[in-house]
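Next come the chains, spelled out residue by residue.
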Amino acid sequence: MPDPLLPKPAVQPSSVTVNGLTLALAQTRETVSIGPFAKCLPDLNAALASAFGATLPADFSTTSGHDGLQLTRAAHHQWFAHAQAGAGLMARLVPLCAGLAALTNQTDSRVTLCLRGTGADAVAAKLVPVDLAPDHFGPGSTALTLAGHIPVILSRPDVTPGLDFTVFRSFARSLHHDIHVAMKGGIPNSERV
Amino acid sequence: MRLNCPHCGERSLEEFTYRGDATLRRPAADASAKSWVDYVYLRDNPAGRHEEYWYHGAGCRAWLVVDRDTTTHRVHSVRAAGSTSENTRLNHEHA
Ligand SMILES: [Zn+2]
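Order-wise, the sequence lines are chains H and V.
For reference, each letter of the first sequence is one residue, going 1 to 193 in our numbering.
For reference, each letter of the second sequence is one residue, going 194 to 288 in our numbering.
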């Protein structure tokens with residue numbers, strides 16, 4: 001008989017701390033991917049603006065709207081809408097995006113690992129090739145990149161030192177291990193100022 | 194070398210894979226064998242500006258058309274393959 005499907009966290013323990021740096025599994029949020037149909041982007045943005053006061057960011061960044069909605073550019077011509085658990089995001093988006101975009105529930109497909117603390121950039125820089133300098137990758141920035149060999153959506157949520165790695169759930173344990181090892185390796189001397 | 198991806202911004206060369214000549218056009222099904230041999234096997238090695246396909250595997254995973262000078266390595270433009278500008282150009286060439 002097959003094992004029953006049991007809800008389990010994507011990584012355990014859900015938070016680890018090394019030398020003042022913390023790596024924690026983010027609370028699960030409702031996530032819906034939005035893929036606009038051809039030539040529908042203006043109408044879609046108008047609909048989102050009227051309902052949530054936010055439009056799909058044209059660059060790789062995250063914007064916030066009403067009711068805790070966040071819109072992140074997640075790929076070429078694809079965006080993620082996030083809202084806290086229980087927000088009923090899909091039910092709100094379906095009538096709004098009818099005929100304008102393909103919607104897919106991504107809530108269980110990705111998880112976000114949050115690296116927080118002084119030196120988070122130096123640790124992340126061991127794994128990702130993008131320039132994390134504050135003037136280049138400031139609060140609200142997002143980048144599609146690789147962390148080691150694992151595709152991630154990297155983002156800097158706000159001004160507190162830290163980065164979020166959003167990753168396919170099936171890669172979460174590998175990525176968690178890689179970041180944990182990078183944390184234990186410490187801050188490179190070249191990054192100490 | 195760095196490429197300014199229209200989706201991701203300026204990224205280093207290691208993130209991209211060269212995917213060949215972007216100026217090749219598939220011959221008509223009834224074209225001569227010579228045209229097909231040319232299309233399938235023969236490649237020019239131009240000195241100067243040339244359009245190439247590059248794949249942004251470590252970023253947006255999109256195919257791009259890079260207009261690059263093979264003698265100076267100056268990159269004149271990078272655009273999404275299949276973008277309006279490319280289709281416009283193709284239609285123009287075929288007109
Ligand atoms: Zn790109």
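Because the hints were derived from the structure by calculation, they are not lab data.
As the structure is a prediction and not an experimental result, all values here were calculated from the model.
The beta carbon of each residue, even a glycine, is placed where N, CA and C say it ideally should be.
Some hints here could point you the wrong way.
[What the hints assert, rightly or not] Among chain H residues calculated to face chain V with C-beta under 7 Å, some are:
id	residue
1	His76
2	Leu144
3	Ile187
[Claimed, not checked] Taking beta-carbon pairs under 8 Å as the criterion, some of the chain H residues facing chain V (in silico):
id	residue
4	Leu44
5	Ser61
6	Gly140
7	Ala143
Each hint tested on the structure:
Hint status for His76/H: holds, given a least beta-carbon distance of 5 Å to chain V, under 7 Å. Annotation: interface hint on Leu144/H holds; nearest CB of chain V at approximately 5 Å, less than 7 Å. Taking 7 Å as the C-beta contact cut-off toward chain V, the hint placing Ile187/H at the interface is violated, the least distance being around 23 Å. Hint status for Leu44/H: violated, given a least beta-carbon distance of 18 Å to chain V, over 8 Å.
A least Cβ separation of about 11 Å between Ser61/H and chain V goes past the 8 Å threshold, and the interface hint is therefore violated. Below 8 Å, beta-carbon pairs count as interface contacts, and Gly140/H has none with chain V, the closest being about 14 Å; its hint is therefore violated. Because the closest C-beta pair between Ala143/H and chain V is about 7 Å apart, less than 8 Å, the hint holds.
In summary, the structure is inconsistent with hints 3, 4, 5 and 6 from the numbered list given earlier, while agreeing with the others.
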